[in-house]
Amino acid sequence: MFTDQQIHLLHNQQPITDEPPWSGGDERAIDGFYKFIFARVSQLTMAKVHAEWEHYGSGYASFIDACFHKDKAHLHGQIEPEQRRLQVLFSRLSPYFVMLETEAPLSGFKLLPSFSGLDQLSGPDILNLAQAVQPVLEDFGLVRLYQSDLETTLSRKVKVPTVLNEGACREFDALFYWED
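Quick note on numbering: the sequence shown equals residues 15 to 194 in the working numbering.
Any given hint could turn out to be false.
[Unchecked claim] DSS-like cross-link-like pairs, simulated, lysine-lysine; straight-line CA separation at most 27 Å:
(1) Lys84 x Lys62
(2) Lys84 x Lys49
(3) Lys49 x Lys62
The set of hints was computed from the structure by calculation and includes no laboratory data.
Make the full structure from the sequences, and use the hints.
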């Protein structure tokens with residue numbers, strides 16, 4: 015899917031598209047763009063979103079990790095503090111995103127994304143939420159990639175600066191990486 019030059023650009027924290035806001039390489043503009051999109055998704059789907067903007071506290075993450083969810087009330091009106099959520103990774107260097115399902119608390123430690131989790135949307139609530147969220151994202155020019163799009167193994171010569179790797183480096187690792 016990606017050329018050698020694009021992979022080189024990704025590893026140097028450079029955009030692989032000429033489209034704004036990514037083309038300028040201005041992280042504040044990119045974050046602002048995504049914040050606007052997240053507000054629109056919340057408005058249209060009634061979903062809440064929690065995003066990791068700070069590169070997991072250190073290093074550099076080539077993506078924004080966002081969890082979308084709708085609260086479920088228990089019998090006594092209490093909101094369930096931990097539930098299955100739609101996890102979406104948004105590239106900081108291109109208009110691409112991927113979807114996963116995760117169990118993530120509203121705060122504190124959450125599971126880091128993995129290639130093996132891509133497209134594993136099993137619960138009906140998560141599937142319905144994904145079907146509501148995806149068209150809104152696409153209306154903003156974002157493009158969903160699937161596991162099959164990102165499964166190509168990279169040459170052993172390519173060193174991906176990530177702690178998220180699960181064995182052989184794939185195009186997924188080139189696009190969505192975290193250097194700590």
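Verification of the supplied hints:
| no. | hint | verdict |
| --- | --- | --- |
| 1 | Lys84 x Lys62 | 6 Å, holds |
| 2 | Lys84 x Lys49 | 18 Å, holds |
| 3 | Lys49 x Lys62 | 12 Å, holds |
The structure meets every hint from the earlier list without exception.
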